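Undergrad: Construct the entire structure; sequences and hints are all you get.
If you count by this note's numbering, then the sequence shown holds residues 4 to 733, one letter each, in order.
Worth flagging that the hints you see were computed from the coordinates, not collected in a lab.
Predicted model only: the values in this text are computed from it and were never measured.
Built from N, CA and C at the ideal position, the CB exists for glycine as well.
Please note: incorrect hints may appear among the correct ones.
Said to hold, decoys possible - Listed below are the simulated DSS-like cross-link pairs for lysine-lysine, each with C-alpha atoms no more than 25 Å apart in a straight line:
no. : residue 1 : residue 2
1   : Lys72     : Lys137
2   : Lys154    : Lys265
3   : Lys417    : Lys470
4   : Lys187    : Lys88
5   : Lys380    : Lys470
6   : Lys423    : Lys478
7   : Lys218    : Lys630
To be verified - Between beta-carbon pairs, the in silico distance windows are:
no. : residue 1 : residue 2 : range
8   : Arg355    : Thr231    : 11 to 21 Å
9   : Thr461    : Glu560    : 24 to 34 Å
10  : Thr200    : Pro678    : 11 to 21 Å
11  : Ile79     : Ala594    : 20 to 30 Å
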Amino acid sequence: MKNFALCALATLVLSSFTACSSNENTSTNNVANTSVTKSVEEKAPQGKLSTPVYIKVDNVAITDDQEFKLTEQDNIYEAEVFLDKGKHSFVLADNANICGTLFGPNQDSAIVFGKQVPLSDCAKGKFTINIMLKGYYTFTLNLTKKEPTLKILRSTRKVEVKRVPPQLPCDSWDGGAITVRVNKAWPNGTKVRDAYTGNTAVVRNGKVTMTPARKSEGILLLEKAIETTKAPFSWDNANVYFMLTDRFKNGDTSNDHSYGRKKDGMDEVGTWHGGDFAGIIQKLDYLESLGVNAIWVTPIVEQVHGFIGGGSQGSFPFYGYHGYWAVDFTKIDKNLGSEEDFQRMIEEAHKRGIRVLVDVVLNHPGYATLKDLQDFKLEQLAQNVERLPEDWSDFKPVGLYGTWASVNGAINYKTKEWKKWWGPDWVRASLPGYTEPGVDEITGSVGGLPDFKTEQKTPVGLPPFLKNKEDTNAKELPNASIVDYLVNWHTYYVRNFGVDGFRCDTVKHVDAYAWKKLKESATTALAQWKAENPAKKLDDLPFFMVGEVYAQGVTKEFWFDYGFDSLINFDYQQESTTNAQCMKNADATYAKYAQVVGEKGVNFLSYISSHDTKLFFADYRDFALQKRAANSFLMLPGQVQIYYGDETGRKLAKDGGVLDQSVRSDMNWSDLNTPETRDLVTHYSKLNTFRLNHPAIATGKHTKISNKPYAFMRTLGKDKVVVVSAGRAK
Numbered sequence: 004m005k006n007f008a009l010c011a012l013a014t015l016v017l018s019s020f021t022a023c024s025s026n027e028n029t030s031t032n033n034v035a036n037t038s039v040t041k042s043v044e045e046k047a048p049q050g051k052l053s054t055p056v057y058i059k060v061d062n063v064a065i066t067d068d069q070e071f072k073l074t075e076q077d078n079i080y081e082a083e084v085f086l087d088k089g090k091h092s093f094v095l096a097d098n099a100n101i102c103g104t105l106f107g108p109n110q111d112s113a114i115v116f117g118k119q120v121p122l123s124d125c126a127k128g129k130f131t132i133n134i135m136l137k138g139y140y141t142f143t144l145n146l147t148k149k150e151p152t153l154k155i156l157r158s159t160r161k162v163e164v165k166r167v168p169p170q171l172p173c174d175s176w177d178g179g180a181i182t183v184r185v186n187k188a189w190p191n192g193t194k195v196r197d198a199y200t201g202n203t204a205v206v207r208n209g210k211v212t213m214t215p216a217r218k219s220e221g222i223l224l225l226e227k228a229i230e231t232t233k234a235p236f237s238w239d240n241a242n243v244y245f246m247l248t249d250r251f252k253n254g255d256t257s258n259d260h261s262y263g264r265k266k267d268g269m270d271e272v273g274t275w276h277g278g279d280f281a282g283i284i285q286k287l288d289y290l291e292s293l294g295v296n297a298i299w300v301t302p303i304v305e306q307v308h309g310f311i312g313g314g315s316q317g318s319f320p321f322y323g324y325h326g327y328w329a330v331d332f333t334k335i336d337k338n339l340g341s342e343e344d345f346q347r348m349i350e351e352a353h354k355r356g357i358r359v360l361v362d363v364v365l366n367h368p369g370y371a372t373l374k375d376l377q378d379f380k381l382e383q384l385a386q387n388v389e390r391l392p393e394d395w396s397d398f399k400p401v402g403l404y405g406t407w408a409s410v411n412g413a414i415n416y417k418t419k420e421w422k423k424w425w426g427p428d429w430v431r432a433s434l435p436g437y438t439e440p441g442v443d444e445i446t447g448s449v450g451g452l453p454d455f456k457t458e459q460k461t462p463v464g465l466p467p468f469l470k471n472k473e474d475t476n477a478k479e480l481p482n483a484s485i486v487d488y489l490v491n492w493h494t495y496y497v498r499n500f501g502v503d504g505f506r507c508d509t510v511k512h513v514d515a516y517a518w519k520k521l522k523e524s525a526t527t528a529l530a531q532w533k534a535e536n537p538a539k540k541l542d543d544l545p546f547f548m549v550g551e552v553y554a555q556g557v558t559k560e561f562w563f564d565y566g567f568d569s570l571i572n573f574d575y576q577q578e579s580t581t582n583a584q585c586m587k588n589a590d591a592t593y594a595k596y597a598q599v600v601g602e603k604g605v606n607f608l609s610y611i612s613s614h615d616t617k618l619f620f621a622d623y624r625d626f627a628l629q630k631r632a633a634n635s636f637l638m639l640p641g642q643v644q645i646y647y648g649d650e651t652g653r654k655l656a657k658d659g660g661v662l663d664q665s666v667r668s669d670m671n672w673s674d675l676n677t678p679e680t681r682d683l684v685t686h687y688s689k690l691n692t693f694r695l696n697h698p699a700i701a702t703g704k705h706t707k708i709s710n711k712p713y714a715f716m717r718t719l720g721k722d723k724v725v726v727v728s729a730g731r732a733k
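TA: Okay, here's the thing in C-alpha cells:
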C-alpha cells in the first residue's frame with residue numbers, strides 16, 4: 004500500500020477519527036427506507052423507452068455516445084459521457100425535452116455520485132454533479148419500477164479510445180531471419196539455441212543467423228545448445244507473482260461472507276469477492292507452468308469486519324478485502340480460509356518449488372468500523388443504537404441523499420470510551436485521550452488510519468479490546484513493547500507454517516529498528532521450522548525480506564542495514580512503456596541495474612503493474628505491446644514482480660471514484676479460452692523459464708554487443724546468454 008493510497012478517503016471516512024460523525028442523521032432509519040421501497044414496488048413497472056433519450060450535459064450538443072442503450076437486463080439502460088473536472092449540470096431527455104422522457108429532479112439539486120436516485124419523468128430542474136477525476140462516466144437509467152432511478156459511476160468503458168504509446172524511433176523487423184555478431188559470447192563452431200522456439204544455429208565468422216518467432220515480437224533468447232535445467236533457487240533470481248488473494252480465485256464459496264460481510268448489490272467495488280487460499284492452491288500448477296518461483300500474497304491476518312464509506316462521496320461500502328486494515332494479527336482472516344488451508348497452500352507451493360511471501364503491516368491497524376464495535380462488545384462507542392439493525396453489518400444508507408459514509412453517523416467519535424479500543428498507549432488517532440498524529444513519516448497517519456507507536460520502546464499491555472476478544476490468540480507478553488508484540492504476532496506464521504519471507508508495507512513510516520527486529524526474529528523462526536520439518540523444507544536459505552519504501556529507485560539505501568534483502572523499485576514502471584516501444588531504449592537501465600545489483604546484499608524488485616498505481620495492459624489494451632513490455636521487463640537485472648493478470652491482459656474494474664480500486668479487478672480466468680490471451684500466457688512462460696534457467700540474467704554482468712540488431716550479453720561464472728531484439732514488426 005503506497006503512503007497516500009487512502010488519503011482520498013481520509014476526510015470523508017473518518018476525518019482521522021474526528022467529528023465526521025455526529026452530524027450524520029441516522030434517525031430516518033431502515034424502517035422508513037423499507038416503506039418507501041414497498042410503495043414503489045406496488046406500482047406498475049415503468050417499461051421501455053418510447054423514444055431515444057440522451058444525457059444532456061451543460062447544454063452541450065448531443066452525441067450518439069450519450070444515447071441510452073438497453074443493457075442485458077430488461078428496462079435498464081446505460082449511456083456514457085466524458086466529464087472534465089468541475090461542476091456540471093445535466094438532465095436525461097429526448098430531443099424535444101417532452102414530459103414522459105424528460106428525466107431529472109423537480110428542482111435544481113445535487114446528485115450523489117454512485118447513489119441510485121429517484122427521478123421525475125417530467126423534470127422541472129437539473130441535476131448538478133461535482134467531478135473530481137476527469138474521464139468517462141456511466142449513467143444507468145433504471146425503468147424496472149414505476150419511479151425511474153439514476154445511478155452514476157466512473158466508467159471503465161470497453162469502447163473508449165485507447166491510449167497511444169509514444170511514437171519512438173526503433174529498428175523495424177520484416178519477420179525474416181536476422182544476423183547478429185556473438186563472438187564475444189561464443190567461439191566459431193558453437194551450437195546455440197533460441198530458447199523461445201527451440202531452433203538452433205552454429206556460430207560462423209563470429210555470427211549466427213536465426214529467425215525470431217513472429218509471436219515473440221522479434222526477440223531471440225540465445226543459450227548454448229546443451230541440456231538445460233532450472234538453476235538452484237536464489238532470491239536474487241526471484242520471479243515473484245503478486246496477487247490480491249481476494250480477487251485471484253474463489254476456491255471455497257463457504258467462507259465468502261465471514262464476520263457478516265455483505266455484497267452491496269451494485270458494482271462490488273470494495274466488497275469481498277471470495278478469493279482464498281483454496282483458490283490459490285487450485286492455480287499453483289498454472290503458476291508453476293508460468294515460470295513463477297515465488298508468490299506474494301496480501302496480508303493474511305483478520306481484517307476489520309465491517310466497512311467504511313468509499314469514494315469521494317461515499318459511493319460504495321469499502322471493506323478490508325485487500326488485507327491492509329488488520330484488527331487481529333494473531334488470527335487468519337476467515338474469508339481467506341483456516342490455518343489448515345494456509346498450511347496446505349504453503350505445502351503445495353513448496354512441492355512445486357514455489358516460495359511464499361506474506362505481506363505484513365507494522366505501521367497501522369484498520370479503521371474502527373460499526374460492525375467491529377458490535378462484534379467486540381464496544382457498543383458504547385456507537386450512538387442511536389436503537390435505530391440500528393439487529394446485525395450492524397446490515398447498515399445501509401437511508402433516504403434520497405444517504406451515502407455509505409453515513410455509517411460514521413452511527414459512531415460516537417467524541418466519547419472517552421475509546422480508551423477501550425486499541426488504547427492511547429498503542430496508537431495515535433484524533434480521538435479523546437489519544438495522541439494526535441504528527442506530521443513526519445514516523446508519527447503521521449497514513450490515509451487517516453490509526454498509527455502504531457512503533458518508535459516507543461516502553462512496555463505495554465495488550466490492547467483493551469483484544470483482552471476481551473473471545474477468539475484471539477493474543478496473550479500478554481512480559482516487558483514487551485508494541486514492536487515486540489507485532490514481531491511476535493507476525494513470526495508466529497513463520498515458526499508454525501514455514502513462510503519463506505515477508506513483503507513489508509509502508510516501510511518508511513515505521514522506525515527502522517522495528518524492521519531489523521522483525522528480520523532477526525523471523526530468521527530464527529524459519530530456521531527453527533526447517534529444523535523441525537526436515538522433510539518439508541526446500542533448502543537451508545535464510546528468511547527473506549523485501550520492503551515497500553515509497554518512491555524508492557535503484558540506489559543503495561540504509562534500509563539494507565536494517566534487515567532488508569531487497570526493496571521494491573518504483574522507477575521501472577515509469578520507464579516500461581518507452582522500453583516496450585523499443586527494447587534498445589532499456590540498455591542504459593540494464594547497465595545501471597546490473598551494476599547496483601552486482602553489489603552483495605543489494606537487490607530490487609521491479610514491476611510494470613501494481614495494486615496502487617496502474618495495469619500496464621489497461622492503458623493500451625494491446626497484446627503485441629504487452630508482449631514487448633514483457634520482453635524488456637523480464638530481461639531486467641534484479642528481481643521481477645508480475646502482478647496477477649499482467650500475463651492475461653486483465654482489464655480494469657469499476658472504481659467508484661477511487662482510482663486504485665480499478666486495478667484490483669477479478670482475475671480474468673475465462674479469457675484463457677481466447678487465442679490472444681493464451682499466446683500472451685505462453686509468451687510470459689517462455690521468458691520466465693529462460694530467467695529460471697539462467698541466473699546470469701538477474702545477477703550477471705551486462706554487456707551490449709550490438710546496436711543493430713540490438714543485442715546484449717549477460718555472464719555469471721559459466722552461465723552466459725545473449726538476448727537479441729530484431730525491432731518492431733512492420
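Undergrad: Decide, hint by hint, whether the structure agrees.
TA: Right, here's what the structure says about each hint:
Distance check on the hinted pair: Lys72 and Lys137 sit about 23 Å apart at the alpha-carbon level, within 25 Å; holds. A C-alpha spacing of about 20 Å is found between Lys154 and Lys265, which places the hinted pair at or below 25 Å, so the restraint holds. Only pairs whose Cα atoms come within 25 Å are accepted, and Lys417 paired with Lys470 is accepted, the gap being roughly 23 Å. About 56 Å separates the Cα atoms of Lys187 and Lys88, which puts this hinted pair outside 25 Å; it is violated.
Distance hint between Lys380 and Lys470 is fulfilled; the C-alpha atoms sit about 12 Å from each other, no more than 25 Å. For the hint pairing Lys423 with Lys478, the CA-to-CA distance comes to about 17 Å; that is within 25 Å, so the pair holds. Restraint check: the Cα-Cα separation between Lys218 and Lys630 comes to about 9 Å, which is no more than 25 Å; the hinted pair holds. Between Arg355 and Thr231 the CB atoms are about 19 Å apart, so this pair conforms to the stated range of 11 to 21 Å.
As the Cβ distance of Thr461 to Glu560 is approximately 29 Å, the hint placing it in 24 to 34 Å holds. Hint check: Thr200 to Pro678, Cβ distance near 18 Å, so the stated range 11 to 21 Å holds. Look at Ile79 against Ala594: about 56 Å separates their beta carbons, and that is not inside 20 to 30 Å.
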